[in-house]
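What follows is the residue order along each chain.
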Amino acid sequence: GQQVMQIPQYQHVQEGEDFTTYCNSSTTLSNIQWYKQRPGGHPVFLIQLVKSGEVKKQKRLTFQFGEAKKNSSLHITATQTTDVGTYFCAGFRPGGGNKLTFGTGTQLKVEL
Amino acid sequence: DGGITQSPKYLFRKEGQNVTLSCEQNLNHDAMYWYRQDPGQGLRLIYYSQIVNDFQKGDIAEGYSVSREKKESFPLTVTSAQKNPTAFYLCASSIRGEKFFGPGTRLTVL
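As you go down the protein sequences, you meet chains A and B in turn. Terminal number for the first sequence in the working numbering: 693, no gaps in between. Terminal number for the second sequence in the working numbering: 135, no gaps in between.
Just so you know, the hints here were simulated from the structure itself, not pulled from any lab data. Certain hints may be false.
What the hints assert, rightly or not - A few chain B residues facing chain A, derived, Cβ under 10 Å:
#1 I29
#2 P33
#3 F37
#4 N53
#5 G88
#6 A106
#7 K108
#8 K124
#9 F126
#10 G129
To be verified - Residues from chain B that keep clear of chain A, each with C-beta distances beyond 12 Å, as calculated:
#11 N43
#12 L70
#13 V77
#14 D84
#15 P100
#16 S105
#17 E123
Just so it is clear, CB atoms sit at the ideal spot from N, CA and C, and this is done for glycine as well.
So that you can see chain A by itself, here it is in the shape it has in the complex (with noise of 0.2 Å):
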């Protein structure tokens, strides 16, 4: 079946540190979603990429997805404490319907 894998699984970075998340699919998607979890909180939708190579920002974030759509990143340019959680890429399969493939997480922590 298919699958996402993300790394890094954990990553702790000092306040102002760069951070990058890269996620895998053993399948190509037809498009990719991003969310974030907080501590004990709910997975919240950041974005979604859908074109072949798209790049896309959000203040600090900026998502790519690669040419082949079968490998997606997120990176966030000078972390701050409010970026702490864990970071969750979602893909769907050509033909999966409605069936989003979550990635396995990374959780990254901002030390001040």
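Using the hints, position chain B against chain A.
Chain B in isolation, oriented as in the chain A frame:
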């Protein structure tokens, strides 16, 4: 105030008992989902429903059952057949792909 509600936030049950988790949404979304999250892991799909009176098994449906009699409601029953039911259960609804999650129910089976 639109959103998704799940109750209760924490639930304790004895082994061998069935338990039903509620999920209600007033977003007028057709599609609803149940996910299970275990510590340090991603979300795994249990069941989903794209329209009233219809639902499909997800990746880990064994030991669970659902119903979708109303658009607003998608309750999940964790049966005694589920071998490892202790987990964080998240309900979601969606429109145009974007998923809106409820606050979750943390189920502990003693």
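Hints versus structure:
1. I29: B/I29 check passes; min Cβ-Cβ to chain A is 9 Å, inside 10 Å.
2. P33: violated, 15 Å
3. F37: violated, 18 Å
4. N53: It is violated, given that the least Cβ distance between B/N53 and chain A is near 16 Å, above 10 Å.
5. G88: Status violated, d = 19 Å.
6. A106: violated, 22 Å
7. K108: violated, 20 Å
8. K124: holds, 6 Å
9. F126: holds, 4 Å
10. G129: holds, 5 Å
11. N43: holds, 24 Å
12. L70: violated, 7 Å
13. V77: Non-interface label stands for B/V77: nearest chain A Cβ at 15 Å, farther than 12 Å.
14. D84: violated, 7 Å
15. P100: holds, 18 Å
16. S105: holds, 27 Å
17. E123: About 5 Å separates B/E123 from the closest Cβ of chain A, which leaves it inside 12 Å; violated.
The structure fails to meet hints 2, 3, 4, 5, 6, 7, 12, 14 and 17 from the earlier list, while all remaining hints are met.
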